[in-house]
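Chains as they are written, first to last, in our numbering: chain D, 559 to 1123; chain C, 86 to 419.
Keep in mind that the hints were calculated from the coordinates and are not lab data.
The structure presented is a predicted model; accordingly, all values stated were derived computationally and were not measured.
Glycine included, C-beta positions come from ideal geometry on N, C-alpha and C.
A few of these clues could be false.
Chain C is faced by these chain D residues, among others (derived, beta-carbon under 7 Å) [unchecked claim]:
# : residue
1 : A788
2 : L789
3 : A846
4 : N935
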Amino acid sequence: MQESATPPRSSRPAKKRAAVVTAGLAIGALLLSGCVESQRDEGTADGGEATVDSTFVFAASSDPASLDPAFASDGETFRVSRQLFEGLVGVEAGTADPAPLLAESWETSEDGLSTTFALREGVTFHDGTEFNAEAVCFNFDRWYNWTGVAQAPSVSYYYNNLFRGFADSPDAAVYESCEVNGDLEATVTLAQPFAGFIPALSLPAFAMQSPTALEEFAADDIGGSAEAPALSAYAEGNPVGTGPFKFDSWSVGEQLQLSTYEDYWGEQGDVETIIFRVIDDPQARTQALQAGTVDGFDLVSPADIPTLEGEGFMIVPRDPFTILYLGLNHEVEELSDPLVREAIHHAIDKQALIDQTLPEGTQLATQFIPDVVDGYNDEVTTYEYDPERAMELLEEAGYPDGFEVEFNYPTNVSRPYMPTPEQVFTNLTDQLSAVGITATPAPAVWTPDYLDNIQGSANHGIHLLGWTGDYNDTDNFIGVFFGQEKLEFGFDNPELFAALDEARGMTDREAQTAAYEEINEQIAQFNPAIPLAHPAPSLAFAPRVDSYPASPVNDEVFNMIELNE
Amino acid sequence: MLRVIGKRLALLVPTLIGLSILLFLWVRNLPGGPATALLGERATPEAVERVNELYGFNEPIIAQYLTYMGKLLQGDFGTSIDTGRPVLEEFATRFPGTVELAVVALIFAIGLGIPLGYVAARYYGRFVDHGSVVLSLLGITVPVFFLAFILKYLFAIQWPILPPDGRQDPRMDATHVTDFYVLDGILTGEWDAAWDAFQHLILPGIALGTIPLAIIVRITRASVLEVQNADYVRTARAKGLMEKTIRNRFILRNAMLPVVTTIGLQTGLIISGAVLTETVFAFNGIGKFLADAIFALDYPVLQGFIILIAILYAVINLLVDISYSIIDPRVRVS
Chain D
559 MQESATPPRS
569 SRPAKKRAAV
579 VTAGLAIGAL
589 LLSGCVESQR
599 DEGTADGGEA
609 TVDSTFVFAA
619 SSDPASLDPA
629 FASDGETFRV
639 SRQLFEGLVG
649 VEAGTADPAP
659 LLAESWETSE
669 DGLSTTFALR
679 EGVTFHDGTE
689 FNAEAVCFNF
699 DRWYNWTGVA
709 QAPSVSYYYN
719 NLFRGFADSP
729 DAAVYESCEV
739 NGDLEATVTL
749 AQPFAGFIPA
759 LSLPAFAMQS
769 PTALEEFAAD
779 DIGGSAEAPA
789 LSAYAEGNPV
799 GTGPFKFDSW
809 SVGEQLQLST
819 YEDYWGEQGD
829 VETIIFRVID
839 DPQARTQALQ
849 AGTVDGFDLV
859 SPADIPTLEG
869 EGFMIVPRDP
879 FTILYLGLNH
889 EVEELSDPLV
899 REAIHHAIDK
909 QALIDQTLPE
919 GTQLATQFIP
929 DVVDGYNDEV
939 TTYEYDPERA
949 MELLEEAGYP
959 DGFEVEFNYP
969 TNVSRPYMPT
979 PEQVFTNLTD
989 QLSAVGITAT
999 PAPAVWTPDY
1009 LDNIQGSANH
1019 GIHLLGWTGD
1029 YNDTDNFIGV
1039 FFGQEKLEFG
1049 FDNPELFAAL
1059 DEARGMTDRE
1069 AQTAAYEEIN
1079 EQIAQFNPAI
1089 PLAHPAPSLA
1099 FAPRVDSYPA
1109 SPVNDEVFNM
1119 IELNE
Chain C
86 MLRVIGKRLA
96 LLVPTLIGLS
106 ILLFLWVRNL
116 PGGPATALLG
126 ERATPEAVER
136 VNELYGFNEP
146 IIAQYLTYMG
156 KLLQGDFGTS
166 IDTGRPVLEE
176 FATRFPGTVE
186 LAVVALIFAI
196 GLGIPLGYVA
206 ARYYGRFVDH
216 GSVVLSLLGI
226 TVPVFFLAFI
236 LKYLFAIQWP
246 ILPPDGRQDP
256 RMDATHVTDF
266 YVLDGILTGE
276 WDAAWDAFQH
286 LILPGIALGT
296 IPLAIIVRIT
306 RASVLEVQNA
316 DYVRTARAKG
326 LMEKTIRNRF
336 ILRNAMLPVV
346 TTIGLQTGLI
356 ISGAVLTETV
366 FAFNGIGKFL
376 ADAIFALDYP
386 VLQGFIILIA
396 ILYAVINLLV
406 DISYSIIDPR
416 VRVS
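When you get a sec, could you build the whole thing from the sequences and use the hints?
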């Protein structure tokens, strides 16, 4: 998932004594509210029992950036998109593996370039338009023929990254053409092999949208002013897909409402109305759940989990699809020595780090991809926690008394793979000092200082960073980290770069998986940085929620939610 | 009078031009830049370069400014980088919420502040007086976000008698005509919606109104103390006027002048308090949006919102000046 700046977390609440003092000031509030209480109960009862049951309120951290997922790359947009739209390819429940959705099956030619999709019958878009091969090709051609602002990488992020070129720049393009073979069969032909093609189609950015609505509401008309792209009429309030829910209304900054699509081809669950309530402060989301105004929210702060569980709320952890690592800058003399890197690896007790600073459900990392991603190597070389061995290695490398190194970490930020960087920093500093490595703290605010320093300069030592995956794509993890020479790590390893490049271009998924398994071993031996953990993000729900379809890649459609009240 | 108003409005022009230049320079010299904010932690230098070019951030700053002002004069405030919507539209959808909040805060502050200050002055040196002085001191010293948090914790979470966040219950199916939710409820006859919206204003309104309340109490008290010992009050008493007449027509009216000035200034300051209050209560107003824009380095929103707020501030102060002459005919607006 593309990441962007997150505001710092709000300040911590107050101490008890101060609360007592301030309570005096609040007397006015008490008086006022005391006399309104009785009537308020009446007010909410007006809503009626019938709607309470099937209305599900979810606290979102922001508005969707756009209602057109083709022009989006952020989590909150995709959360809404997944209710409205479906792609040709879906995700096997609870995993990151591709599964049939609007395409019941597909067959790829031997050269890996053409894929023929057999489409599901009897599917209609919310506006009544039939879903068929023509609609499929309309969508593929739409993406390929974008011009102007629509081509900007910040606008069509995923198409840019994965399909690389447009009709007016066909040399770079991965896509070539789409052919209608009949009402329910379409063949998509690629110009160059792309082994990740099928799993990529499970991204909401490549969901099928109604050709009629796209044209009627000028979805591609996003010129806007020169300063920033403007949303089209389609993206502002007329999204039309085939999903179990259709768009109702959007009150920007407040809430977005969806309701059941009666002619949905699949199962309709307990939820008939979804309200995404925008609450951007993490603490305010927790409080909204406690107060009962929302039924659930995402990315629960690890510190809040015991409290919420104690109050009877349900915590649902996702299988981790993240990686947190300790980066090592090979430009630093000591860190360029493989023996030193091995020593650091042996000096770190990953399990202790996880137990003390990371949320429940976090898995220990031996490599840079979580185990649900293709190419995960069960037999990869590992470096057990062994401080004695670490000290021996340091001595062997010529640092019998250890050495001093700058430790860069971000402050006041919470990432899905790193809820509390300061705690991770403190924990690791202690562990390193036990073997004689002195870490000098170098804190910086997340954006722009920290990222600029780590990714844009060679002026750093060891550092904390990580990644949240988009879909089952190995290259999206290790290719991003180690696919080319980067200032972040400062090493040049042509052998590794070539291996990653080759694997990326492979057409056969099985051969590719095998290649990635090998690459993971290669990385483990080269030991360029230290994979620490795969932190698991959690959701929290009101007691009336019986089950929620948690997915490592966030493929969570609310018709699968079960309610008991 | 009209001429004076016209003159005051004309004075607004150079003020706004100066402000816009300062803002423009300030915003563009913030560290990082919008490209980094847009593209995130894996942005390549090429991508940053493309974005800069696309949005015109590479042009000379004077050219950028002139383009910006040219559009501004046509009512085009640009488009938010963060949301992709016109800045004016973003302002318009959030403005009613903040106005409702400010009105409730002011009613709370004025409605409670003037009587409290007056009573304190009348019973000068007694318990009521000391009590109100201590309370107003507390009101000034407690930070807004802290008070907001405590109010929310006590009356929405611990004893859930008022809603914790937002402008209306998410499940409330209300019709919105003007986007002033309380007014909408009254206009459409959806009384439950109006009542619900009003309840959502109580806690943030109190949080936001507390500092103005404390200041109004102090100014009213000081002003009444001064006026009630003035010669003309003594003369009125000597003339044998009824105490009620003396209080209402001589003391209160004359004491109101500094209070009105204070109210005008506080109204402007409410916007800055709204940033914190709106965040704690997840209240969709201009304060919160402006704060988000700062984090997101959303240049067009920062510039547009601050200019719009400045215009508002100037208009409020003009209204305050005009009200002087209504309260006290001796003062001529000039």
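Going through the hints against the structure:
1. The beta carbon of A788 (chain D) is positioned within 7 Å of a beta carbon in chain C (closest approach about 5 Å), and the interface hint is therefore held.
2. For L789 (chain D), the interface hint holds, since its Cβ comes within 7 Å of a Cβ in chain C; the closest pair sits about 4 Å apart.
3. A hinted interface residue such as A846 (chain D) counts as satisfied when its beta carbon comes closer than 7 Å to some beta carbon of chain C; here the least separation is about 5 Å, so the hint holds.
4. For N935 (chain D), the interface hint is violated, since its Cβ never comes within 7 Å of a Cβ in chain C; the closest pair sits about 24 Å apart.
Comparing the model with each numbered hint stated earlier shows that hint 4 is the single one that does not hold.
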